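Trainee: Protein chains in written order, with our numbering: chain G, 2 to 408; chain D, 2 to 408.
It should be emphasised that the hints constitute simulated quantities derived from the structure, not laboratory data.
Keep in mind it's a predicted model, so treat the numbers as computed, not measured.
Treat the hints with caution; some may be incorrect.
Copies of the same chain are indistinguishable here, so a pair counts whether it falls within one copy or spans any two.
[Claimed, not checked] Keeping only pairs whose Cα atoms sit at most 27 Å apart, straight-line, the calculated DSS-like set for lysine-lysine is: (1) 387 with 208; (2) 399 with 128; (3) 49 with 185; (4) 271 with 387; (5) 148 with 97; (6) 314 with 258; (7) 55 with 326; (8) 181 with 6; (9) 399 with 55; (10) 271 with 128; (11) 345 with 208; (12) 49 with 121; (13) 271 with 174; (14) 6 with 185.
Take a look at the letters that make up each chain.
Protein chains: 2
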Amino acid sequence: MRLSKSFVKTLRDASKDEIAKNGVLLSRAGYIHKGLAGVYDYLPLGLKVIENIKGVIREELNALGCEEVSMSALQNPEPWEATGRFSDQEVDIWFKTELASGGLLGLAPTHEEPMIEMLKTYVSSYKDLPLYIYQFQTKFRNELRAKSGIMRGREFLMKDLYSFHTSEEDLDKFYSVVEKAYTKIFDRLGLGADTYETFASGGIFAKFSHEYQTLLPVGEDTIYYNADKSLVFNKEVFNDAVLAEFGASQADFTEAKAAEVGNIFKLKFKYTEPLGLNYTDDQNEVKTVYMGCYGIGVSRVMGVIAEKFADDKGLVWPEAVAPFKYYLVGIGAEGTTKAEELYKGRENEILFDDRDARPGEKFADSELMGIPYRIVVSDKTLSSGKAELTSRATGETKLVDLSGLFV
Amino acid sequence: MRLSKSFVKTLRDASKDEIAKNGVLLSRAGYIHKGLAGVYDYLPLGLKVIENIKGVIREELNALGCEEVSMSALQNPEPWEATGRFSDQEVDIWFKTELASGGLLGLAPTHEEPMIEMLKTYVSSYKDLPLYIYQFQTKFRNELRAKSGIMRGREFLMKDLYSFHTSEEDLDKFYSVVEKAYTKIFDRLGLGADTYETFASGGIFAKFSHEYQTLLPVGEDTIYYNADKSLVFNKEVFNDAVLAEFGASQADFTEAKAAEVGNIFKLKFKYTEPLGLNYTDDQNEVKTVYMGCYGIGVSRVMGVIAEKFADDKGLVWPEAVAPFKYYLVGIGAEGTTKAEELYKGRENEILFDDRDARPGEKFADSELMGIPYRIVVSDKTLSSGKAELTSRATGETKLVDLSGLFV
């Protein structure tokens with residue numbers, strides 16, 4: 002992409018009501034634009050980051066045999082009323098709206114109910130199960146406050162996977178498979194080292210659910226982890242009774258702030274029973290389908306990555322999610338010509354800063370935008386057939402032979 | 002994709018309130034699921050069709066230097082109030098909702114206002130123009146009735162492109178470029194032969210806008226075309242005064258029903274002036290930005306294609322939009338083994354009907370689903386080293402050497 006042809010510019014300041022670091026930096030670097038608190042537009046670079054995160058998740062889920070769908074935002078209240086979740090007392094973050102032809106609709110804050118409702122058309126026999134179905138879909142949550150940038154949105158992108166089984170054993174087995182996939186996903190997204198599978202409240206249908214918590218000073222959650230981080234608890238279940246079950250005591254744990262980037266939950270019959278998602282088993286008996294759900298906050302992950310790796314110069318993207326791998330600057334007549342040559346055929350890998358601007362300005366923007374590698378070709382570097390390659394993460398600069406630049 | 006592993010099945014009947022042919026066939030063939038009237042979920046095959054249509058549009062727009070973004074559904078009323086379009090009297094298809102923290106929001110039925118509002122951050126000088134920005138985004142329109150399947154949704158997917166210019170000449174020039182791109186897009190989508198650029202009402206800021214109308218008996222529009230279809234008018238502008246301008250008379254035209262699949266519009270200052278999207282020209286004078294907008298109804302296009310090409314056996318997809326190019330059936334022991342072999346490495350091209358079902362059922366499903374080519378390998382075809390290849394569109398069947406099957 003040529004920066005000279007893009008409408009995106011870095012900004013000196015984010016909008017004045019933007020408080021969160023991720024919101025400020027992503028706005029200043031031209032990734033997002035705030036429509037209203039908790040509601041953002043994704044500009045070309047931001048959309049690429051989102052698509053990269055989706056790509057990693059999609060690959061890992063497809064490898065498990067999961068099927069991708071796209072469900073609606075507008076929601077018929079009926080199935081939600083059957084589970085008791087349409088009530089504003091029960092779920093206090095609904096956006097609701099009126100049909101012109103009469104009747105109230107909701108804007109989906111999650112999709113368990115419509116997913117089950119839809120499957121009633123497709124599941125009738127044990128032969129139809131198990132099923133694993135996911136989507137990337139915009140969710141709407143009417144938060145009273147939204148001050149965390151894209152880490153907590155009123156409108157945000159989520160990956161939600163639902164699994165359906167004939168037995169608790171089969172649910173358990175798939176749940177373990179998803180646990181491994183989630184570890185792999187967060188590893189690939191660059192968050193692996195500081196993201197822990199965390200015991201959290203399981204509600205009334207299971208002792209625990211699991212959250213994936215990424216260490217982050219501004220995270221909304223408090224977690225407790227032991228020395229080797231093999232045992233991590235959300236504050237809500239960190240008590241002596243729970244610890245006793247694991248043969249541990251409070252003294253073994255360290256407190257930290259963290260942001261929830263994913264959660265997985267054995268719902269069992271919680272929603273399938275009131276909605277009547279049944280199947281006939283091989284003895285011709287009608288039984289209720291077991292269900293699990295598995296979320297990853299896609300736009301939140303982008304916010305957490307932005308927040309976590311940023312330094313005083315700006316964003317620092319891991320390669321897997323960066324909108325471009327390289328930021329290219331040509332200096333001087335020869336450098337400019339060579340930069341054009343290098344760019345050709347690599348338009349999807351290179352953010353080419355071909356603007357009529359001073360090198361210092363370009364360098365500052367490359368840092369603010371957080372592109373993993375900056376390539377500078379100047380008359381000077383070219384005199385020895387080389388380019389200057391700088392790593393955004395480490396700041397390390399080296400001269401590299403042009404022939405080995407993209408190897 | 003293996004059909005045995007998918008939750009999708011063909012259905013004998015669509016939901017009883019589904020009237021439109023596209024809605025009935027797409028539901029029966031397992032492409033979509035109706036949430037409520039005019040609101041649909043896209044199942045794995047349906048999502049693939051949507052992604053294929055998006056892919057064609059994206060390629061053609063990127064080739065023009067257009068940039069892709071993704072804007073929010075939730076809308077701050079302010080910019081819409083500035084153009085007069087937040088009023089339900091002016092725009093009668095709004096879905097509106099309340100913020101928990103107070104204040105009314107709208108669900109975007111289109112995105113001119115937020116796009117302009119966002120660009121006020123990025124455009125200040127003539128050097129920032131022209132710009133071409135598009136998105137694929139869910140739109141919400143509170144239609145009183147929604148009985149046309151996915152051809153007229155309350156929630157639907159649209160591609161909207163907006164262009165911004167310093168002069169009317171530059172707007173005109175880009176408008177012509179988009180006209181050519183649209184022709185190419187509808188050609189590639191298989192609709193070219195029956196899709197005409199049509200003069201339609203231009204509102205108060207331009208004499209005409211252009212619609213892209215696809216001939217369709219159940220289309221909502223009436224158009225009039227001359228013998229070589231070089232001159233086509235929407236009924237709304239088909240009168241003697243307009244025809245006189247083109248040196249034509251009513252007798253030269255044939256009436257037909259059609260469905261609007263795209264529209265392009267020179268908005269000029271219509272929205273940029275009230276919203277104050279200005280730039281400073283090279284004489285340092287402040288001027289208003291010229292604007293154009295260019296829509297394609299992505300989910301509607303899917304509905305129109307479904308509706309237009311279907312026959313009494315089911316859907317018939319053009320290759321460019323089909324979810325899979327081939328539908329594969331193995332019959333008998335050898336045929337089943339060979340089918341597994343053929344499938345391997347072609348999982349993205351082949352819908353493999355590996356279900357435990359009779360060949361006749363598989364053939365009927367392949368026809369209902371509308372996959373362009375059916376491949377059958379049986380012990381009989383294999384005895385001469387061949388497979389049977391059947392075109393869904395023509396019904397033509399031939400025996401093809403296995404070695405030449407995918408050439």
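Trainee: Find the hints from earlier in the document that the structure breaks and name them by number, from lowest to highest.
Mentor: 1, 2, 4, 9 and 11
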